[in-house]
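Work from the hints to combine the two standalone chains into their complex.
Next come the chains, spelled out residue by residue.
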Amino acid sequence: MKKDGKKRIWSEYQKEIADDHFFYVRSCIRQSFFPGSEQFFLHFMRNVLGKDVFENPSHTTCTGIGYHSDIVPFSTIMTVIARHFALMKESGYKNIAISCVTSFGIYTEIIETWKHFPEELEKTRDYLYKATGREFDIPENMAHTSDIIYKFRNEIAAKAKNLLINRKTGEPLKVVEHIGCHYSKMFPKYGVGGAEFPNVLSGMVEAWGGEVVDYPERRHCCGFGFRQYLVQANRGYSLSNTAKKFESMRPFKPDMVITNCPGCNMFMDKWQYTMREMEGTVYGENGESVPVLTYEELAGLVMGYNPWDLGLQYHMVQSEPLLRKMGIEFDENDKFRTKDGRQMPVPENLINV
Amino acid sequence: MEVAGQLASLGCQVTLIEKEQETGGHLKNWYHLFPDRRSSDEVAEYLNKQIDHDNISIYVATTILQMERKNRTFIIKTDHGKEIYADAVVVATGFDLFRSERKEEYGYGIYDNVISSADLELMFRKGELKLANGKTPGKIGLVHCVGSRDEKVGNRYCSKLCCITAVKQAIEIKERIKDARVFCFYMDMRMGGALYEEIYREAQEKYGINFIRGKVSEAGVTINNNLVVKVEDTLAGRPLKMELDMLVLMAGMEMSEGGRKIAEMGGLRTGENRFFAAADNHYGSNNSNIEGIFYAGTCTAPMTITETISHARAAATSVINYLKSGKS
Numbered sequence: 137m138k139k140d141g142k143k144r145i146w147s148e149y150q151k152e153i154a155d156d157h158f159f160y161v162r163s164c165i166r167q168s169f170f171p172g173s174e175q176f177f178l179h180f181m182r183n184v185l186g187k188d189v190f191e192n193p194s195h196t197t198c199t200g201i202g203y204h205s206d207i208v209p210f211s212t213i214m215t216v217i218a219r220h221f222a223l224m225k226e227s228g229y230k231n232i233a234i235s236c237v238t239s240f241g242i243y244t245e246i247i248e249t250w251k252h253f254p255e256e257l258e259k260t261r262d263y264l265y266k267a268t269g270r271e272f273d274i275p276e277n278m279a280h281t282s283d284i285i286y287k288f289r290n291e292i293a294a295k296a297k298n299l300l301i302n303r304k305t306g307e308p309l310k311v312v313e314h315i316g317c318h319y320s321k322m323f324p325k326y327g328v329g330g331a332e333f334p335n336v337l338s339g340m341v342e343a344w345g346g347e348v349v350d351y352p353e354r355r356h357c358c359g360f361g362f363r364q365y366l367v368q369a370n371r372g373y374s375l376s377n378t379a380k381k382f383e384s385m386r387p388f389k390p391d392m393v394i395t396n397c398p399g400c401n402m403f404m405d406k407w408q409y410t411m412r413e414m415e416g417t418v419y420g421e422n423g424e425s426v427p428v429l430t431y432e433e434l435a436g437l438v439m440g441y442n443p444w445d446l447g448l449q450y451h452m453v454q455s456e457p458l459l460r461k462m463g464i465e466f467d468e469n470d471k472f473r474t475k476d477g478r479q480m481p482v483p484e485n486l487i488n489v
Numbered sequence: 007m008e009v010a011g012q013l014a015s016l017g018c019q020v021t022l023i024e025k026e027q028e029t030g031g032h033l034k035n036w037y038h039l040f041p042d043r044r045s046s047d048e049v050a051e052y053l054n055k056q057i058d059h060d061n062i063s064i065y066v067a068t069t070i071l072q073m074e075r076k077n078r079t080f081i082i083k084t085d086h087g088k089e090i091y092a093d094a095v096v097v098a099t100g101f102d103l104f105r106s107e108r109k110e111e112y113g114y115g116i117y118d119n120v121i122s123s124a125d126l127e128l129m130f131r132k133g134e135l136k137l138a139n140g141k142t143p144g145k146i147g148l149v150h151c152v153g154s155r156d157e158k159v160g161n162r163y164c165s166k167l168c169c170i171t172a173v174k175q176a177i178e179i180k181e182r183i184k185d186a187r188v189f190c191f192y193m194d195m196r197m198g199g200a201l202y203e204e205i206y207r208e209a210q211e212k213y214g215i216n217f218i219r220g221k222v223s224e225a226g227v228t229i230n231n232n233l234v235v236k237v238e239d240t241l242a243g244r245p246l247k248m249e250l251d252m253l254v255l256m257a258g259m260e261m262s263e264g265g266r267k268i269a270e271m272g273g274l275r276t277g278e279n280r281f282f283a284a285a286d287n288h289y290g291s292n293n294s295n296i297e298g299i300f301y302a303g304t305c306t307a308p309m310t311i312t313e314t315i316s317h318a319r320a321a322a323t324s325v326i327n328y329l330k331s332g333k334s
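Chain order of the listed sequences is A and B. So the first sequence is numbered by this note's numbering: it starts at 137 and just counts up by one. So the second sequence is numbered by this note's numbering: it starts at 7 and just counts up by one.
Treat the hints with caution; some may be incorrect.
[Unchecked claim] List time: in silico EDC-like cross-link candidates among lysine to aspartate or glutamate, alpha-carbon distance up to 16 Å:
{"#": "1", "chain 1": "A", "residue 1": "138", "chain 2": "B", "residue 2": "270"}
{"#": "2", "chain 1": "A", "residue 1": "143", "chain 2": "B", "residue 2": "107"}
{"#": "3", "chain 1": "A", "residue 1": "138", "chain 2": "B", "residue 2": "111"}
{"#": "4", "chain 1": "A", "residue 1": "139", "chain 2": "B", "residue 2": "118"}
{"#": "5", "chain 1": "A", "residue 1": "321", "chain 2": "B", "residue 2": "111"}
Source of the hints: derived by calculation from the structure; they are not laboratory data.
Pulled out of the complex, with its shape left as it was, chain B reads as follows (with noise of 0.2 Å):
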């Protein structure tokens, strides 16, 4: 969406493919953004007014299936049967969240209160952070690097956002259920971004959030219907066995399968971490292996809204060159 704007505010007319009903990704469905909680609905506002102009058009729903290159034009054939001409191909395909249930020792699908990341934020966007029986939670985990860091589902990549994130939703937990008690079960805290540490300290500080330093192994139900989580204490040394009343699994970021199939009839390179991979990871993240294709934002690798943003950008400013010199 922001390439899209971008572009057509510089006078180039774009066709922007969507294969959902509605273009915003997930950001539509996600309630606050770190690190300052602000409403995804006014970035997703921002970014709706960026394709909100005359030298854009939109089609949702629509799938690519085949793109072929004639000379230095591009042919794009849809599901609708519609051929599009582009000169040049921005790939913006975005990225999947890991499918908490491929974690099956962790039970979700199963158990009735373990839920993922995307789970709570729709939670929180309805208003309504409730147990399957309609019951406030009281003790609530968080387990990170759900799909990340993980070779036991292939992904040996950090996703990079999700320790912010459980920063930032147990402390949504804390500011509604005062009383609740939260704990987070982490590998590594990385807080590499712009006010992450401070976040961090402020939930240890402010709200009395609990970071355990250790894996969840696996996660039963009492006769109760209360989760019971394994855990390794790493710091203490020490196995830890807990019950809880929900569960929240910090769901990692995979490429997506639409840009898996893109990559597949484009002939485009994709790398270890089976994101698509760009010509050159310093100074050339926006090119593909394919001259006038182009990449943007999570479909290279995990990142945050504001990296992808500045990326989109980026992407556009390659564009814009490559249609001037002719060359990526």
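If we strip away everything but chain A, and leave its shape as in the complex, we get (with noise of 0.2 Å):
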């Protein structure tokens, strides 16, 4: 493998992420499956860094669920987006921040459309005027919140109070990261480092301390897909997908895994689960299975959060093997309790504990 061959790559996928002053828009399930995310992200751009991250209570989901299952039609969902441009013009900002890869992709997909078919655009613009009375401007600057947590990823790194090595052996962590189909294989330029060897989530892990594992099935779809999915007789294909990359990654060795699409660290988190179910398949060492995180909260730990106030506990397959390794102190009494104490539900069958 040569990195300078991955470099020359790089430099031809570098995009512009603003600075300063966002229109958040969140994502539909992240909250509720990785609810520290969001909460992190926000955290660290309002109160570490210092940014202006604002968001508008009116924004809705883009639909992009719907609009890949082919229930709301495209001129719906350009319109639906045209509303949230709207908002962020009325808000009086010019650089959108998109917190999930599903709508990033549709982000990228209607505009690019706007581009390439001017008329398009002048339809929604009357679509959206005659629905709500409302007009808008495309965003000046667009990023997905993984392109904002890597263009600081050295501040993070600065900030480091655990960096992705072994604490026992002293050996870099070896971390699969995963990128949300939707990120960079449409549009490519619209990724850090492209679409065939993204440096988005790599970017990360090497800032950080770790090794990124290159895995003949790295660039295989996460199995998510939506109709494999949303379609239940389609849950096999979806879930054999996941085997896929489970299998090929699997004598790599790899400590965690990384992603940065909801869709994408559900499955390959929920999955490994119905896998152990179903034939007794771990794929991480010792009898465990690989923690999958989302990179805020790897970067989370990687600045020495509290692993619970990130949310860990939230994913089907338990972190402790990684917060281990780490050296990460964590009180397994804290796990499933509130921040004023109170005992909440735990959850039956979680893996790695």
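Now the structure itself:
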């Protein structure tokens, strides 16, 4: 493997990422499945870096899941996105920060459509105005939240309390980075590092002391794929995609997986439970499964935040093996307690406990 | 080189301007030529003899900065401050090999044993067909149409030579490594030239080379640094995943960067494929859109060496006719 070759590709796919004043659009599922991720992002941006990140409570779903399920027509989703841009304009912002990879793909697809088919843009302006009386501008800068964390990865490294190093062996932790398909596979120019060798997550891993694993099925879809999963009869297909990835990465003995897409994270996490239940297969060492974290959760661990404040306990595959490798202290008793000490219900069948 | 030699032998004073340190273009890096496996050095030797003529002045390592026409004379200014006056100009800027790293999914320049067809020729010339770790490869894949017939990289055209080059190289691999298993991944086998079909058949029957109809979608590496390719086998109708020791990318041909600059400075028309556009596709393939400027060889389209030499001779005839009649 020649690192210089990758660097050459990365140099061709450097996108401009705004520095401040973001209009933030949330994901539909991130705060439900990984509640610490968006919380960390907002805290880090606002309180650690002192950036202006604005949220408008009237922001809605992008309807991407409906669009990819053939329920929401293209003209409708374009109008929904146009409304988000109108909210941004009304709030006085020009830089959009998108929390979800599905949404990010939707925004890029629509902006590219408008570029190539200006009549669609005009139609959308008309639909939005007739429906809401609103007008909009296309953002001057569009970034996924992983782009923004990538931009500030060295600031995180400078504040690191726990590098991605195995404390016992002193070796870098082996990290599988999984990029959501809709981040850059449709439009490589919108992704840091392009589509084939993306740098957005690998850049974070390297900045924080870890070693990126390049395994044969690195580019393969996690298996979510919307209709593979949403149509119940197709779920075996979804599962087999995830299994293919884990089989491929297993010889490399990864210490963790990080993802930048909510769907990927959910499936690579929860299908490990399914595979373990169905056939007793686990893909980590010592009979354990491989923790799957979001990049914000990992950034939070690196910066020394309490793992339970970051919401790691809400994954199916628990992160204790990783925390031990990183030498992070944690109190098992606090795992499912609220801040004021109340005991929450404890999920059954968690893995790696 | 051929045009220069032909014109010189007909009594013209010729100035040959070459941007590289020496003349000969891609030919000097090639090993054997298809279809008869003749050494490229023999053809290079012929061309070098062609330009060894008292009527020919050669400037190597020279770049043209400006080309203008005053009345019926072309004035060419070079980066060495030279001004060359000419009654006619022949553009023979050749082609650039497609940069294989642009097909990022194949990992050229990233994975150790992904090489281009030109790299393989250099290995043949050196007599060393080895992996990066010095071992002999046992399983080798050749990917056709790298940078050709590919909308993603903006090249819709066929580069014409890659199929036969792959067949030739596959045989050369088998001759060096008898036990090697060789796989050619192709879209269509375009065996249009004399003896091409015969060598293709020989590759299968005599050398046992496997031809799989399908494009390679991506390459990666295993923990042992073996390459893994994914291919759609369109004849079997199923996806295929295969471990290989070496992957050879059959790089296509593109309009040269030097040619592109000359097109800009000379106001010369280029086609959809970005090569120089001939004034007429059937009976004026050496003529440009500007009187007195002619084309020879692969600056107009992908061509074999045989075709390039024939095209160059036709260019010489066009120049002579122009100098006599004053019309292109």
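Hints and how they fare:
no. : hint             : in the structure
1   : A:138 with B:270 : violated, 37 Å
2   : A:143 with B:107 : holds, 12 Å
3   : A:138 with B:111 : holds, 15 Å
4   : A:139 with B:118 : holds, 11 Å
5   : A:321 with B:111 : holds, 11 Å
Violated hints amount to a single one, hint 1; each of the other numbered hints is respected by the structure.
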